[in-house]
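Asker: Residues per chain are reported as follows:
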Amino acid sequence: GAVVSQHPSRVICKSGTSVKIECRSLDFQATTMFWYRQFPKKSLMLMATSNEGSKATYEQGVEKDKFLINHASLTLSTLTVTSAHPEDSSFYICSASPQEGLNTEAFFGQGTRLTVV
Amino acid sequence: GEDVEQSLFLSVREGDSSVINCTYTDSSSTYLYWYKQEPGAGLQLLTYIFSNMDMKQDQRLTVLLNKKDKHLSLRIADTQTGDSAIYFCAESRYSSASKIIFGSGTRLSIRP
Chain W
200 GAVVSQHPSR
210 VICKSGTSVK
220 IECRSLDFQA
230 TTMFWYRQFP
240 KKSLMLMATS
250 NEGSKATYEQ
260 GVEKDKFLIN
270 HASLTLSTLT
280 VTSAHPEDSS
290 FYICSASPQE
300 GLNTEAFFGQ
310 GTRLTVV
Chain C
17 GEDVEQSLFL
27 SVREGDSSVI
37 NCTYTDSSST
47 YLYWYKQEPG
57 AGLQLLTYIF
67 SNMDMKQDQR
77 LTVLLNKKDK
87 HLSLRIADTQ
97 TGDSAIYFCA
107 ESRYSSASKI
117 IFGSGTRLSI
127 RP
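One line per chain: the protein sequences are W and C, in this order.
Counting from 200, one number per residue, gives the positions in the first sequence under the working numbering.
Counting from 17, one number per residue, gives the positions in the second sequence under the working numbering.
Treat the hints as calculated values from the structure; they're not laboratory data.
Any given hint could turn out to be false.
Said to hold, decoys possible - A short, non-exhaustive set of chain C residues, derived as facing chain W with CB atoms under 10 Å:
1. Val20
2. Gln22
3. Leu26
4. Tyr49
5. Gln53
6. Gly56
7. Ala57
8. Gly58
9. Leu59
10. Tyr64
11. Phe104
12. Ala106
13. Ser108
Claimed, not checked - In silico lysine-lysine, DSSO-like type, Cα no more than 30 Å apart, as pairs:
14. W/Lys213 <-> W/Lys265
15. W/Lys241 <-> C/Lys84
16. W/Lys241 <-> C/Lys83
17. W/Lys265 <-> W/Lys241
18. W/Lys241 <-> C/Lys115
19. C/Lys86 <-> W/Lys241
20. C/Lys52 <-> W/Lys219
21. C/Lys52 <-> C/Lys83
22. C/Lys52 <-> W/Lys241
Claimed, not checked - Ranges between beta-carbon positions, derived for each pair:
23. W/Ser282 <-> C/Asp32: 43 to 51 Å
24. C/Asn82 <-> W/Asn250: 33 to 41 Å
25. W/Ser272 <-> C/Leu77: 35 to 43 Å
26. W/Gln309 <-> C/Gln75: 18 to 26 Å
27. C/Lys72 <-> W/Pro239: 30 to 38 Å
28. C/Arg127 <-> W/Ser204: 31 to 39 Å
29. C/Thr39 <-> W/Phe238: 39 to 47 Å
30. W/Thr279 <-> C/Ser67: 35 to 43 Å
31. C/Ser125 <-> W/Asn250: 23 to 31 Å
For clarity, every value in this text was computed on a predicted model and none was experimentally measured.
Beta carbons are placed, not taken as given, at the ideal position from N, Cα and C, and that holds for glycine.
Please take these sequences and the hints and turn them into a complete structure.
Answerer: This is the structure:
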């Protein structure tokens, strides 16, 4: 199946710094990618929809200035957590689909565990 | 609104069948999914079912959908230790290329 790669898989950063997480589709082009956040022992919450060449669409309650999304190419979307605080510590995971339409499968990255100290 | 609910834990004996249940509220859900997440790993799509289907079987996995009650279940036959994971029920209105709403996940543990 198609491969989605996230980098880094783990990151520890100090409060107040910014962290960039990359999501790459390795063997297909994705006009749309999705970013999720998973709290401990909780479900995955959709944060935003990343659209190549245009602004991301954020879900209600997600601060767009806090979580900057850039979808610069058909194979790369980045999520930057700006001025990170301990409450931003979480597991972030992205997904991408090869194409729009029916019978498509979303492929998930392996996730990034962010710890803010 | 959109809401997908599942029980948090399930413990079964090795070799028995596991049944994980899920309820959803969005009547316009078109696709219903079951994902598996192993510790420290991403998500693996196990199976999905269209809302116009009642049942889908794939080897040890059987998905049952009661659209009237908005109830979805996943049955794993002959549960093995490798089945230990968190299982997420999810739904979307169109295709997986669209917005997917996840349940809270059910942690399946296998006892000898």
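Asker: List in ascending order the numbers of the hints, as given earlier, that are violated by the structure.
Answerer: 3, 29 and 31
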